[in-house]
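Kindly generate the complete structure, drawing on both the sequences and the hints.
Order-wise, the sequence lines are chains A and B. According to UniProt numbering, the residues represented by the first sequence are 1 to 334, in order. According to UniProt numbering, the residues represented by the second sequence are 1 to 302, in order.
For the record, the hints were derived by calculation from the structure and aren't laboratory data. Be aware that a few hints might be false.
[Unchecked claim] Covered by chain B, per the in silico footprint, the following chain A stretches (three or more residues, Cβ under 8 angstroms):
hint	stretch
1	94–100
2	107–114
3	121–135
[Stated by the list, open to error] Far from chain B, by Cβ distances over 10 angstroms, these chain A residues were calculated:
hint	residue
4	Tyr-159
5	His-228
6	Thr-246
7	Met-263
8	Ile-268
9	His-272
10	Leu-286
Since the model is a prediction, treat every value here as computed from it, not as a measurement. Note that the Cβ used here is the ideal one computed from N, Cα and C, for glycine as well.
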Amino acid sequence: MTTTEKELLLDVQDLKVHFSIKKENAWPWSKPASLKAVNGVDLKLYAGETLGVVGESGCGKSTLARAIIGLIKATDGNVLWLGQDLTGLDEKSLRATRKDIQMIFQDPLASLNPRMTIGDIIAEPLRTLRPDIAKHDVTERVQAMMKKVGLLPNLVNRYPHEFSGGQCQRIGIARALILEPKLIICDEPVSALDVSIQAQVVNLLKQLQREMNLSLIFIAHDLSVVKHISDRVVVMYLGNAVEVGTTEKLFAAPRHPYTQALMSAVPIPDPHKEKNKQIQLLEGELPSPVNPPEGCVFRTRCPHAIPECAQQVPVLEGDQDHQSACLRTAELLT
Amino acid sequence: MLSTTANKEAVESFSEQLEVKGRSLWDDARRRFFNNRAALTSLVILGFVTMFVFVGPMLSQFAYDEVDWGAMHAAPSFASGHYFGTDSLGRDLFVRSAMGGRISLMVGVMGAVVAVLIGTLYGAAAGFIGGRTDRVMMRTLEILYSFPFMFFVILLVTFFGRNILLIFIAIGAVSWLDMARIVRGQTLSIKSKEFVEAATVYGVSKWAMITRHIVPNVLGIVAVYATLLVPQMILFESFLSFLGLGVQEPMTSWGSLMNEGAQTMEIALWQLAVPAAFMVTTLFCFNFIGDGLRDALDPKDR
Numbered sequence: 001m002t003t004t005e006k007e008l009l010l011d012v013q014d015l016k017v018h019f020s021i022k023k024e025n026a027w028p029w030s031k032p033a034s035l036k037a038v039n040g041v042d043l044k045l046y047a048g049e050t051l052g053v054v055g056e057s058g059c060g061k062s063t064l065a066r067a068i069i070g071l072i073k074a075t076d077g078n079v080l081w082l083g084q085d086l087t088g089l090d091e092k093s094l095r096a097t098r099k100d101i102q103m104i105f106q107d108p109l110a111s112l113n114p115r116m117t118i119g120d121i122i123a124e125p126l127r128t129l130r131p132d133i134a135k136h137d138v139t140e141r142v143q144a145m146m147k148k149v150g151l152l153p154n155l156v157n158r159y160p161h162e163f164s165g166g167q168c169q170r171i172g173i174a175r176a177l178i179l180e181p182k183l184i185i186c187d188e189p190v191s192a193l194d195v196s197i198q199a200q201v202v203n204l205l206k207q208l209q210r211e212m213n214l215s216l217i218f219i220a221h222d223l224s225v226v227k228h229i230s231d232r233v234v235v236m237y238l239g240n241a242v243e244v245g246t247t248e249k250l251f252a253a254p255r256h257p258y259t260q261a262l263m264s265a266v267p268i269p270d271p272h273k274e275k276n277k278q279i280q281l282l283e284g285e286l287p288s289p290v291n292p293p294e295g296c297v298f299r300t301r302c303p304h305a306i307p308e309c310a311q312q313v314p315v316l317e318g319d320q321d322h323q324s325a326c327l328r329t330a331e332l333l334t
Numbered sequence: 001m002l003s004t005t006a007n008k009e010a011v012e013s014f015s016e017q018l019e020v021k022g023r024s025l026w027d028d029a030r031r032r033f034f035n036n037r038a039a040l041t042s043l044v045i046l047g048f049v050t051m052f053v054f055v056g057p058m059l060s061q062f063a064y065d066e067v068d069w070g071a072m073h074a075a076p077s078f079a080s081g082h083y084f085g086t087d088s089l090g091r092d093l094f095v096r097s098a099m100g101g102r103i104s105l106m107v108g109v110m111g112a113v114v115a116v117l118i119g120t121l122y123g124a125a126a127g128f129i130g131g132r133t134d135r136v137m138m139r140t141l142e143i144l145y146s147f148p149f150m151f152f153v154i155l156l157v158t159f160f161g162r163n164i165l166l167i168f169i170a171i172g173a174v175s176w177l178d179m180a181r182i183v184r185g186q187t188l189s190i191k192s193k194e195f196v197e198a199a200t201v202y203g204v205s206k207w208a209m210i211t212r213h214i215v216p217n218v219l220g221i222v223a224v225y226a227t228l229l230v231p232q233m234i235l236f237e238s239f240l241s242f243l244g245l246g247v248q249e250p251m252t253s254w255g256s257l258m259n260e261g262a263q264t265m266e267i268a269l270w271q272l273a274v275p276a277a278f279m280v281t282t283l284f285c286f287n288f289i290g291d292g293l294r295d296a297l298d299p300k301d302r
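See the structure below:
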């Protein structure tokens, strides 16, 4: 599968998001520390594909998503949407692209306003961004969309607290899709749901993706879900992308030591294999993103670290379909 | 005759056509409130007090400023028409209680309305916009807070004379301060909820965000605080009247009636007892209603 022929939708270039934090009891004039939540990430997303983003808690997955969509201001770098940089735009100019990029959130219930009926919730994006659409047309579209995501259209007048988590997530999906966007960013959309509901929601997303020709950025910490839905996967560690590749290649032969450790931790639903499996435990804690390690950010926990790792920042290297950021990739593969 | 399966299908398709009316959080709260006996009773009593206050003066043959020369310090009696007795100048206490109640309730309700309107919007705006705007708005509030309020009222009264309008202005000026702080705190916690983020993603404007997403979600606490604010304002007005800074004679309020009654309570107890009874009842009612609202709107906190 070659990705070069497809239309390039989103091109994230060296995106950085730093938060300045003041310590408690600090002097008012002391310099705030900077937390490097996302520290130089490059991404490319093509029309119709699904990009999985994985990594442990606190590695900057959600911050990356929020920076792409403009909920958090990027400190540095560019987010190019169809060639147009979104990072410098003000609210007014952003409105045009808001129709194209929508988001699904982690907590299904918290992402719905408890004082609004779900009909109003699903219709709100239309009413806000497409005031040209007539009222009865909006109602029709809402009902059609509810059918599409598997909700009975006669539930329009209910309130969010009357629904289960899976249903709430469907409402969230309907709200994101009603503007017929080109890209949906899913910020851990299934991690708050039961496994059986997870499968339903993931399959629903896949089906809708086929029907509406959507691109997805799918953030998760569950590798099996990511493997199931993604065409390509980015592995993040401490604000950096450490490995990028097509799903088959990356899961078949992970190159970066961090990805290898992640893969080895996935439970296998076969007791015999599970018993003989070797889990590659990572030593130590995730370093603080306030002062990440010099050189390679992973070297403090890497089983293969050598002194050079502290001096040189590794860059993503490899062919079109599989790249990893490790100085010793070539050496370790042989 | 329709076959049973066709019947079933018809019923099914009909049930799918039905739009089920959901029960909103407000509906739930209303049901819980009406199940609360103390609150419901208070609401009824308050209704009666309000009715008395507005209808009462019409039921009596006396006007509120009319002096009955033959009946000074007269005890309550039905025969003379002075149902609650008269004060030291021979004015009918029944009518004066009602007129005083109008002022007191008006002051209370006005304070609450001002607090709800200004306080909610001010607090929600400060909390939602955040950053420097928030800091400036909250510091302004603190400056107003630290202003010696009695001093402010005394200044107003000495410059402009005793006028009920001044009392309204003074009470309006302080009542919203607490409300703004409470609403700001609530807004800060709602602001970080995901539904606000979602609304940002599809470009809801700041004003719509505040009025559609923030304010409806703080209204519960606002309603509770407003009902508890009413008795506070009534007490406040009584306090001002007690100091002689309140309404202008011959107009009156429950506070100034009690002030007059307290001076003669050894010889004419009813002059203190009648306005005091009205006041205490009203305050209790408002407090019970406030408690009932709190329980109804936030059942987790019980």
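Right, here's what the structure says about each hint:
Three residues within the 8 angstroms Cβ limit are the bar, and the stretch 94–100 of chain A against chain B gives 3, so the coverage statement holds. Coverage of the stretch 107–114 of chain A by chain B holds [criterion: at least 3 residues with CB-CB distance below 8 angstroms; count 6]. Check result for the stretch 121–135 of chain A against chain B: holds, 4 residues qualifying (beta carbon to beta carbon below 8 angstroms, three or more required). Not every beta carbon of chain B lies more than 10 angstroms from that of Tyr-159 of chain A, the smallest distance being close to 5 angstroms; the non-interface claim is violated.
Every beta carbon of chain B lies more than 10 angstroms from that of His-228 of chain A, the smallest distance being close to 24 angstroms; the non-interface claim holds. In this structure Thr-246 of chain A is separated from chain B by more than 10 angstroms, as the shortest Cβ-Cβ distance comes to about 29 angstroms. No beta-carbon of chain B comes within 10 angstroms of the beta-carbon of Met-263 of chain A; the shortest separation is about 30 angstroms. Even its closest Cβ contact with chain B, about 34 angstroms, leaves Ile-268 of chain A beyond 10 angstroms, as expected for a residue assigned away from the interface.
The beta carbon of His-272 of chain A is kept farther than 10 angstroms from every beta carbon of chain B, the shortest such distance being approximately 42 angstroms. The Cβ of Leu-286 of chain A sits about 23 angstroms from the closest Cβ of chain B, beyond the 10 angstroms cut-off, so the non-interface label holds.
Consistency note: the structure conflicts with earlier hint 4 alone.
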